[in-house]
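Protein sequence lines correspond, in order, to chains A and B.
Those letters in the first sequence? Residues 1 to 178, per our numbering, in order.
Those letters in the second sequence? Residues 1 to 178, per our numbering, in order.
Simulated from the structure, these hints should not be mistaken for lab results.
Check each hint, because a few of them may be wrong.
[Said to hold, decoys possible] Below, simulated DSSO-like cross-link-like pairs (lysine-lysine); rule was C-alpha separation at most 30 angstroms, straight line:
#1 K2/B with K177/A
#2 K2/B with K177/B
#3 K45/A with K61/A
#4 K45/B with K3/B
#5 K177/A with K3/B
#6 K61/B with K161/A
#7 K97/A with K108/A
#8 K3/A with K177/B
Number of protein chains: 2
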Amino acid sequence: MKKVLERSKLLQGGPPTSVVLATCVDKEGNTNIITLGMFMYISQKPPLVCIGVTDRRYSHKLIMEQGEFAINVPPVEIIDEMHQCGITSGRDIDKFKEHGLTPIAAQKIKSALIEECYGHLECRVWNHYECGDHTLIVGEVIAASADAEVLDENDNLVITKALPVIQKNWNYHTVIKT
Amino acid sequence: MKKVLERSKLLQGGPPTSVVLATCVDKEGNTNIITLGMFMYISQKPPLVCIGVTDRRYSHKLIMEQGEFAINVPPVEIIDEMHQCGITSGRDIDKFKEHGLTPIAAQKIKSALIEECYGHLECRVWNHYECGDHTLIVGEVIAASADAEVLDENDNLVITKALPVIQKNWNYHTVIKT
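Just need the whole structure built from these sequences, with the hints factored in.
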């Protein structure tokens with residue numbers, strides 16, 4: 001039976017989403033981490049991805065000022081660290097130190113990557129649009145890397161090895177083959 | 001060990017995504033279905049969602065002309081039908097008839113919804129942006145519904161009941177609680 005959803009529950013009619021950790025950098029070169037449920041691919045040629053970030057977040061300012069960010073994809077093993085990165089602010093703390101994550105150098109951008117994540121997209125801001133209560137930021141992927149163990153022989157991602165985090169209402173899940 | 005991904009494999013460093021079925025309507029009121037791997041929430045107030053559609057698809061024309069679409073979220077039970085909707089064109093066939101899906105009336109838009117899907121977001125086109133090889137279409141959710149069985153007592157979606165489809169490289173998975 002179909003149930004009509006009232007206004008405050010409209011988005012419960014939609015799908016779950018992957019959780020990603022975006023990293024970005026301040027003027028002094030310190031990398032911050034933000035937990036995001038808003039991510040989408042939008043183009044293959046050129047390779048473009050979208051994220052949604054509210055301007056109340058410290059990372060919004062850093063991404064806009066420095067014009068770059070990285071997407072780091074966490075495996076279920078680091079759900080607790082991922083969750084903590086979502087409820088603390090880089091204005092107050094160094095999230096790498098505080099939450100026990102390891103920064104590693106990116107290939108082409110200043111922001112550090114998160115070693116404990118299995119995949120990494122290094123992005124330059126390509127455009128941005130104000131959409132309701134979030135800014136939709138489009139990034140061009142200028143470099144990428146992944147843990148060798150989660151790739152097949154053709155360098156395609158095998159998500160049953162990667163075990164990414166899928167959420168709805170911030171309840172965390174991972175994937176299983178159908 | 002981190003492996004650098006070459007240009008054609010850059011997006012393998014990213015997360016998997018949900019699969020959704022968008023429905024949209026032609027001038028005569030015939031509803032078409034398109035299978036999409038590009039979906040994102042972008043705003044709570046107002047409720048806005050994004051999809052990515054290439055202008056080579058018949059549905060791109062319909063959504064742009066009629067200014068509306070619905071997001072229907074398929075459960076794993078209809079993976080075959082969902083897959084078929086992605087590899088056929090509504091220019092040639094009626095995908096409901098051809099793939100054994102059932103159209104039901106929406107609350108506020110002309111496009112039919114897909115009964116076999118567990119959740120439905122009825123959207124009016126709010127804005128659109130050209131982003132590389134796809135158009136990023138932002139829709140305002142003006143009505144929504146879901147199968148009563150996949151909602152908890154507060155009308156929040158329980159995805160371990162809904163069993164949505166998660167894909168990377170069009171290999172299909174569903175979710176399991178961590």
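Status of the hints after comparison with the structure:
For the hint linking K2/B to K177/A, the alpha-carbon distance of about 25 angstroms falls within 30 angstroms, and the restraint holds. The straight-line distance between the Cα atoms of K2/B and K177/B is roughly 28 angstroms, inside the 30 angstroms bound, and the hint therefore holds. Annotation: proposed proximity of K45/A to K61/A holds, straight-line Cα distance about 28 angstroms (limit 30 angstroms). Restraint check: the Cα-Cα separation between K45/B and K3/B comes to about 40 angstroms, which exceeds 30 angstroms; the hinted pair is violated.
Between the alpha carbons of K177/A and K3/B the distance comes to roughly 25 angstroms, so the proposed pair stays at or under 30 angstroms and holds. For the hint pairing K61/B with K161/A, the CA-to-CA distance comes to about 39 angstroms; that exceeds 30 angstroms, so the pair is violated. With a C-alpha separation of about 23 angstroms, the suggested pairing of K97/A with K108/A holds against the 30 angstroms cut-off. With a C-alpha separation of about 25 angstroms, the suggested pairing of K3/A with K177/B holds against the 30 angstroms cut-off.
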